[in-house]
Structures are given as structure tokens and as C-alpha cells.
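Peer 1: Given only the sequences and the hints, what does the whole structure look like? Please build it.
Just so we're aligned, residue 1 is where the sequence shown starts under UniProt numbering, counting upward by one.
Derived from the structure by calculation, the hints contain no laboratory data.
Note that CB positions come from ideal geometry on N, CA and C, so glycine has one too.
Pair by pair, the computed Cβ-Cβ distance ranges are:
hint	residue 1	residue 2	range
1	Thr895	Gln782	25 to 33 angstroms
2	Gln237	Pro1006	50 to 58 angstroms
3	Glu64	Ser337	33 to 41 angstroms
4	Gln782	Glu662	40 to 48 angstroms
5	Ile467	Gln339	56 to 64 angstroms
6	Arg1138	Lys921	40 to 48 angstroms
7	Arg912	Glu781	53 to 61 angstroms
8	Glu662	Lys921	46 to 54 angstroms
9	Glu662	Ile467	45 to 53 angstroms
10	Pro684	Pro1006	20 to 28 angstroms
11	Gly559	Pro205	26 to 34 angstroms
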Amino acid sequence: MEKLKTLLIANRGEIAVRICKTAKKLNIKTIAIYSEADAASQHVRDADEAVLLPGSNATAYTDEEAVLQIAKEKGADAIIPGYGFLSENAHFARLVSDAGIVWVGPSPEAIEAFGVKHTARDLAEKANVPIVPGTKGLVEDEEAAAKEAERIGFPVMLKATGGGGGMGLITCSRVEEVRDGFRMVQSRGKTLFKNPGVFIEAFYPASHHIEVQVFGNGQGQAIHFGERECSIQRRHQKVIEECPSPFVERHPELRKKLGDAAVRLAESIQYGSAGTIEYLVDDQSGDFFFLEMNTRLQVEHGITELCYNVDLVELMLKQADAQLVGRHGLDGKMLKSMQPEGPIGAAIEARVYAENPLRDYAPSPGLLQKVEWKDVPGGRIDTWVFTGVRITPNYDPLIAKAMVHSRSRDEAIAAIKQLLTQSSICGPPTNLEFLANIMDDSRFKQGNTMTSFLKDFHYTPHAIDVISAGAYTLIQDLPGRPTVGKGVPHSGPMDPIAFQIANMLVGNTRSKEALELTLSGPELRFVGPAIVALCGAPMEASLDGNEFPMWTSVKIGAGQRLKIGKTTGGGCRSYLAIYGGFPSVAEYFGSKSTSPLVAIGGYQGRALAPSDLLQITDKLPEDFKSMSLPEHLRPVYKSSWEITAMVGPHDEGYFDPEFIEEIYKTEWKVSHNASRSGIRLVGPVPRWARKDGGEGGAHPSNLIEYGYPLGTLNWTGDDPCIFPVDCPNFGGFTSSTTTVKADWWKLGQIKAGNTVRYVRVGLDDALKKRRWNDRFLDSVEQGIKNGGVFDGIDKLQGAHPNFHVDDIGKAILWEKAGDAKTPQVRYRQGGDDHILIEYGNENFDLNHRCRVTALENGIRSDSTPDIIKSNLFNTVGCCTTLLIHYNGALLPRATLIEYLQTLESQLGDLTRTKVPTRIFKLPISFESKLQDEATQRYMTNQRPHAPYLPDNLSFVAQNNALSPEQLKQIYLTGQFMAVVVGFFCGNTVALPVDPRQRISSPKMNPSRVFTPEGTVGWAGSCFSIYPVDSPGGYMMTGRTVPCWDYYAGKRGFEKPWIFRDFDILTFYQVSEAELDGLLAQFRKGTYEWAFEDVEFDMGEHNQLLESTSDEVRGIRERQSVAQEHMTRAENESLERWRREKEGSKVDEGAVEMLLQEEGVVGVEAPVDANVWKVEVGEGDEVGGSTVLVILEAMKLEIAVKTPDNAMSMATTTSDKLVVEKLLIKPGDTVTAGSHLALLRRPKA
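Peer 2: Here it is in C-alpha cells:
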């Protein structure tokens, strides 16, 4: 290139990526443009520089002024438009040229000439190119259109003269259809193309769509690169393209005619750059007619490049370079010398779209959870996506162009079939299977591909169409993700017993993914046949209106509907197993389980929603026999539950011993707040054995962060909460009573309003009960294999062996006193699968963290015995503790403890050791509009006043006898040790290395419903970096770059979490605008993490601790005084707020009485949320679409409208209801199912 040094790519998606490749090959600097929705797109990463477009996602790429301004600011020599958007915009092309920038494409005049179809026909006719019989120019009205149609002869096609891409045309076979269609085409032309002109052409039903690729130098010379067949179209849009055309291959004389005509037309207007002449070719006669000329690069140009060994984009850029140096274009002789004789081999392109075949191929936006392309000989994938990219609804849903080039057409068909069937794209529905099926069609194999091909092509996916989704329907598999950690929840089915039996009944492995239904189930249309079983809590269920049996395998035929309603008794979850599972659902860390709280796994990381499409297998067993689990073997789902538990890690030393006994005597009530992440209980207030949490926090329930055992009873303040499979993996609240693994299934079935009574057992009994469950499941499985013979099987809830109530064990399993060189160590019990190792005496000490790291490394070393390595699920290391999660059924606890003790003795003195680590340099801004908005919403919707409002940073400073500036200096001068990474999504908790910089802060009460990603929040003695937008209670003191990437595709990420335990974080200050720029880089995936590998010297650190001890003592005294003052202020504010809330509390009794009156109905909250706005008043009349209340949950605004069941009460004379009573006000917190308002039928 002589002068073309900088190129702006005015496009997105795969074409922007493809252009970038050639530009880089030619050493041309590339400038990408992108919308906010495209920040993570591949072209943004590939370009040398990327600039965010202003305006909305929908209009960003067509903003002529913005694109041109960016080109000027970046010094672009040329702009290349690709296809779509501004590519055929003559006005923009002229603006570019007038600005002294080369337009990489034909002249504005050429674009204008061929942009209007009726003038394009005139140009073709002048160039002696056959045109489709039709009107001379435009038709003015319906009558003129009818007359012209009769003259031309039916069938005819009405076309908008400004149309393109299959839009703005109608086929008519009768005069009446012409009259009816004329105005429609005229209107669409005016709306879509700002041109209402309509013309008419003859329609050839048995025809081919064949196009010729041309290239001109703008000086009267042009060549062609053969033809492409593009006859297989849906809604006049191409789906499959081929080069060469199989029709032309059967009529070889046609290639020269088509090519010569195309060159004549291009040369007649001195066409410059790449272009395509499209023809209609009659299948019977071989006659061809000009349709239109596309004055741009075509989507399908790649197959021409493969068959003619040419880079069309390179030619376009060389043409632009020649224009830049004043030669007006490529040398004519050189161009003519490039005219090829014919194609080499055969190439096929399949356009892969995110679209739903059951919704007339409507676009299906969503997250691509897995993208893997099969590598085949001669294959080429032009794409812009990768795993983790989201298909946005703003643009064309093209995922990729899958191409192959082979020696023959038959070989190409075989290769593209292999590519399509063995590639994997998981997420929203795609047309991969549809495209593969086309390759199997006999007409396609024979090359009989006419424009009517898809009218007679029938494709039905093997899938389940979700009509309605139920209350909370998730995909789960077993065991979930117990080995991942770092903020990736354990996941898996809440009730593994019902889950496994459902899978056994349909013939799956026990672990196969199935649907978990909570409280009410979905309505599903089976597009293909399937074998299913519904097991778990009793639920209403019908198949095509007939009762559907539970605990029974049933074969469902294609087209049938399974409707699952509400639970009808005890229990809250059931499982619908499908033979073969859901093959199109991606695995995340080896599991398909959904963790909706963190948007991980399953279908789009969320609960199912209407219109979701679940692919199922098309290979059912031929010898299916329906089987049913006998009634007496089915689990019994109660409203009062007995749950077997072991002592928890903090049963000793933290609670009054009498209260621990009370836990087992109490009948606890299950709160409305019962979910996969936590089940709150209501009962007696705990009595504590200590007055506060020491360095863990002000409340006696507070602790320095440690790993949470699954199933534990966690005490957040005075409120108990059972932690099931989606709980956080660490935190700072005490844990007592821990449910044994054998009873985890019960945690999956208890629901709001139930009662729970704990039964305490020791380890031996816990494992006996687990073995009992295992034998039950093994027996059921054997009974199924025996053809449904279930004789001699003991019930799941049968007469268990007597528990040894006197042998319940201790919370502390082993302890060793500390000395000058080694800390005190305790091993605490955490149920039958967890041991918590604790160093020191609950004080923050990096010596303890060093020891935790050393012990963790020792457990995971190659020298660890196989029995331990193979049964170790995970470890959670924190500042003073290490939680070990192991398989207690296969690894004896005594064996594990013995090995841990051996390792402990080998660690020795670590006070002078050096630990490999990394020092990160992170930006921090102490200003954030998003944090300010979050605070304002908190004050409006949650709590109006508190000492920490409206300025969290000033509060944290005051709480530690500092000024805000002094607190900022701690951030800017300090080093912070990452003492634990996890909780949810790699949340990183860090402690100041220098004890003089250690401060403390309470959490917000209540916690916020929204915290912006990257927030640096302080609570307790540590700060935390919020990895994603989420709820949270840490005081917001600044903002930095987030530390999480779900698919580890961004620069610097090897795993979804960037930080490791023991990393050291430092900060430098930036403005909010500077941080916004860095956040934009992070979202693009181009942010450069600044860190270096170092060693942390424990000897130097201990010298620091010793030399500053007196100074630290004085700091703590000043902090203590300040914290006492702030605590009093918070208590006063809290009490005042509680009085305000109490004064406005609704009389629940009065509400219940009103609901019992005829004609009164309640409006319920759909989710846990805050009330943002109340849009109606008492006495107002409301209709079916009236918005009553707007809730806020996770920064989402949820409009609550008049419910359908309420409108059914409206009188025949009025379609209105009256607001009888409002039960909430802005700022209230509501739970799912709670009443927001009462509506009454108006009196006659």
C-alpha cells in the first residue's frame, strides 16, 4: 500500500472481522466502530483501535455524522462499509469523498443509479443485458398496476423500487391480489426505504437466483469471478449459496453469457470496486434476466474467493489505494489479466443464524454459552462470535457464514454436512440442524435448487417448545459443580432423590440433566416424541387435558402438550426427566446445572421463559415399556419436617450451650424467604456466649470470613438461615447445626409455612443414613432394570437403624496449642462432608493466611494419597481458616484428620517464609454517578436516613477517626492482601497489609438491592471488589475494574476470576471519566492488567508488626471511640426508622377479612423487590392494562398491572375495577406473593 495506511471499518459482526483480517495482512491500521451492545464483539478486539458510537444501539451504525467524525478524528485514509448499514448510501459515500477520505466502494453515482430498481433496469437494457419482462418505469396507482400485470401475464411480482434484502415485494397470481398488494408494497417502500415507487416484473416460479461477482477499476475496465447460486431463500433472503452454480455446471455455455453481460453492465457505467449482478434464470429454457446490481461486497463473497483463489477485500483496498495516489483505480491491463477461466472445485456457504424454527425462524437473541466449530478440510468460518457473546436483538442475528471448499460438489456437501452436524452452538435456538437437513435433501444433492426449494422442504426440530414456564423452572444435573468454588455455586438438584428416580424411570443415567420445577410447573409442547417422568412433590399435571401420572415413565407423542400446574400437598419441587436430557444445553465447568443467582449454566443462565426451545434427542429406545414406582416407595412430602443434623463448626464457644439444646427442641417455622440460596427460619432469638464478634464485627454472630459448609444453619445476626446448594461459599457469620447429606433432599422440599425440627446425630449415624438412601436408590434402579419388579425394597423413610443419640460428637474435633513459631490450630466439624481448620484466636494475621495457603498447597500436592485426592471436592481458604469439602462416604474422617495433622507438623515455622505472589496496580475513582444513583434509590426505596447516608466514604472515615482524604490515602498508599476469592462470581476480599491502615466498618442495614460492578466496598476489616452488578451491603467507597469474566475470554483471564488468594492489590487514583474509559476497555476485553510476580516476605512483615505495635494500639483506641459514637448514632437512626415503618404498617387481619369478601381480589408482588412507584390511588378505576405499581429488583423496573384473574370479576357493564386499598408505599420492601393492593368489583 502506498498511501492507504489507516482504514475505518464502518460495520460490525462477521464482515468487520473479515475486513480486519485482510487489512492486517496488508499492514493497514484498522479503526473499528461499535455500539454499546457490541462492546464484546470480536471486531472490537481485532482492530488496532475501537471507538464507541454515540446514540442508541438501533441507530448507531447508520449515524452518518458520527461515523464520519470518528474517521476524521482518527485520521482515516479510507472508509470501507461492508454490507448493510451505510454500504449503499450514496449520500454518505459523497460526504466521505467530499471530506477527502476514500470511499472503499463504487462511486456515489453508481450507488444511486443501481439503488433504484426501475432505473437499474434501464441501465441494464442499455448495456444489452436481458431484463425481466415488466413495466417501463414505475406504476402510479392500483388500476395502472392491474393493467400492467395483465399485459405482462401472471404470475407477477410487485417490487418497491428502493427495496432490498427481500423486503418490499409481493408475488401475485390474480388481478385482485395486485390491487390489494399495491398499496402494501408502496407503504413498505415509503417506510423502509423512503421511496414509495413500485414497478412490476413477471414472476418465474421455476427459476434460479444466480449472481455474478464483478470487479471494476472505475475507468471502464471490469472482470468477473464467475457465478454463485443463491436460489435457496427464505422470505427472499439467502440461506445456502454455492459456487459454482450446479445449474450452470449443467449448462456450461451459460457461464460466459452471464459473465459477459455482467462485465458489459459494469463497464458501461465505469464501475469501480466489487459488485454483484443478480440474475433470474429460467429452469426450463436457461434464459436469464437482470434482477439488480448490489453495489457493495456481498455476504456470500467468501465462496467466490475459495473457488477463484482471490481476496476481494484486498482488491477493494488496492483500488482505494490507487485512488488515494491519484491513479483513479487499478491498472486496466493488470485487472484484465486477472480474469479467471473458471472455478477451481466447489464451495458451499451456509448462513448460521440465531433463530427459532418454531416461530417462523424469528430472531432469537441471547447468550451463546458454547461456540465450537468442527474443523473440516477446506473449511472456513467467517464469524464474530465466541463463547460468552450475546446475540443482541438490535441487529441481524447472523452468527456465522460456514463455508467449505472441496474438489467436487459431492465432497463439498459431505464436508459442510460434517461441519454443521459436528459444530456446537449452545444458547438461543439456531438453524444449524435446519441447514444440515437441507444437505440431506435429494433435490439439493442433485443440484435442483430453485427459488421454490424451501416451500416444499419440511423441517421439524426434535425439541420442546416452552408455552409457559411455571414459577421457577431450572435445568439441573447431578452433582452440579462441587469442585469449582471461587464464587461458582455448588448447584445441582435441591432434591437429589426425586431427581435420580425420574432419570432412572426414563432410562437415563442418574446424573443426567432434568427440569427442576418449583411450586408450579410449565406448559410444554413436544414438537418431537419423548420419554418423560415427573417425580417429586405432588403437582397437578395433564397431557392433552387428560390426567398425567407422576412417578411413571410415559412416552409423549409429537404435538402433545404436557401442562404441569401447582403443588397439591406437601413439598415444593418436582423433577421432569426427559430421555437423553437436553443435548443443546452447554456445560459450564462440566455441569449443565443452572445457578440463576449468578447467571451461570442451564438455559441462558436463568429460569425458563415462554418461547424457549429445548432440543431433545431423536433416538428413542425401540423397546420402551412404561414403568411406575409403587406408591409405598415414593417419598412422603410433609408440612412438618424432621431433619437430621450434626453439630456445626460453631456449636461450641459462640452460643449459650442451653440455646444449642433449644435448637433441637424448637419447631422452627420456614419463612417466606426460602430459595435455592437460603432457607430462612423463624424461631427463638439466639443467646450468645460472647458480646461481639471481635475483629469479625460488632455483632456476636460476626466472624472473620471462613468457608461455609453446605447444609449449615447460618446466623446472620439473630436470624437463622439454612444454606443449601446455591449458597455463597464463604462469609462472616457463625454456623451451627448442619444438615447431613442424607437429608439434603428434604431441604429441597420444605417451603414457606412448613415447620422444621432438627434431630441431632453423630458421624456414624449420618453415614449410615446416607448408605440407607444409597441402598434405596440402588434397589429402585435394579427394580426398573428387572422390568418394574420392586419386591423387598425398604422405604426411603422407613425404620432406620436406631441413632446413637449419646454419640453426637463435638464441634471441635482436634486442637493444638500455639507457640512462638506456630499458631493455635483447631479442626471443627462441619457436617458429614466438611472440616473447618482454624488458625489463631480470631484475629486478622497474614501469618495465618500464609499457613492456610501452605496447608492448601500441601493437600493438593502430588504426594497426597490417592484416597484423599480422589475424594476431595474442594477447599476454601480464607484469612484464618481452611474449609475442606470431601466425600465423607468414601474417605474416613479419621484418615483425613490424620493426614492433615501430618501436614501440619511438616509446615513448621513459616514466620520467615517467602510466598510467591503478584502485585496488581488497579485504578480507583472515588466519584461514581452509578454509585450515587444506587444510594439515591436506596434512600428512596429502602431506608431514607442513616449515618452512612448519603456518603458511604465519609461514614467509613468517621467510623475510624479519619477524614475522607485520609481514607483515600489509605487506598492510594496501601497494599491489600487478597485473603479470599469467592462468595459469588470471584468476589475478592482484601485486608490491608500494614496494620496501621486497617480500619473497620459495619454493613448497610438493610443491604442494597443494587451495587454497580467494580464497586470497592468496605465492611468489617476488609474491602471487597464487587465482580458484577449485584445486591450488597458493603459501604461503597470507590470503584475500580471488575474482577470477573464468565467465560475467561477477556485479556488476562485464564479462569473467570482474575485474582488469586494471596495476591496483593494496590490502587492509583483516576477520574470518573478515566475510569469509564478503562471500563470500556474491560468490556471490550482489551483492558491490560498491570501486575508483576513478586515474593511476599513474611519475615519483613512480622518485623513491621513488631515495630508498629505501639502505634497500632493508639490507632485502635481512637477507632474504638469513633466507632462507639457511630454505633450510637446508627442505633438511634435505626430505632427512628423502625418506628416510622411501624406507624405505617398495614393491619394484616383487616386485609384477610377484605380478601374474604365477594368481589375483592389481591394484587401480588411477582418477585422480592422494593416499591419504587405507586401509580394509582385508592378509589381509582383500573383496567386490564393499568400499571398499578412499579417495583425495583436488581436495577430492573417491574411494572405490576391489573392481574387477569381480577379483570374476570369486572361487571358486564364496566370493564373497570376499583382500587379498594393500597397496602404499600414507595420505599417498602416486598416479598414474592405478598399483597400490594386490593381491588374490588364496582357496585352495580
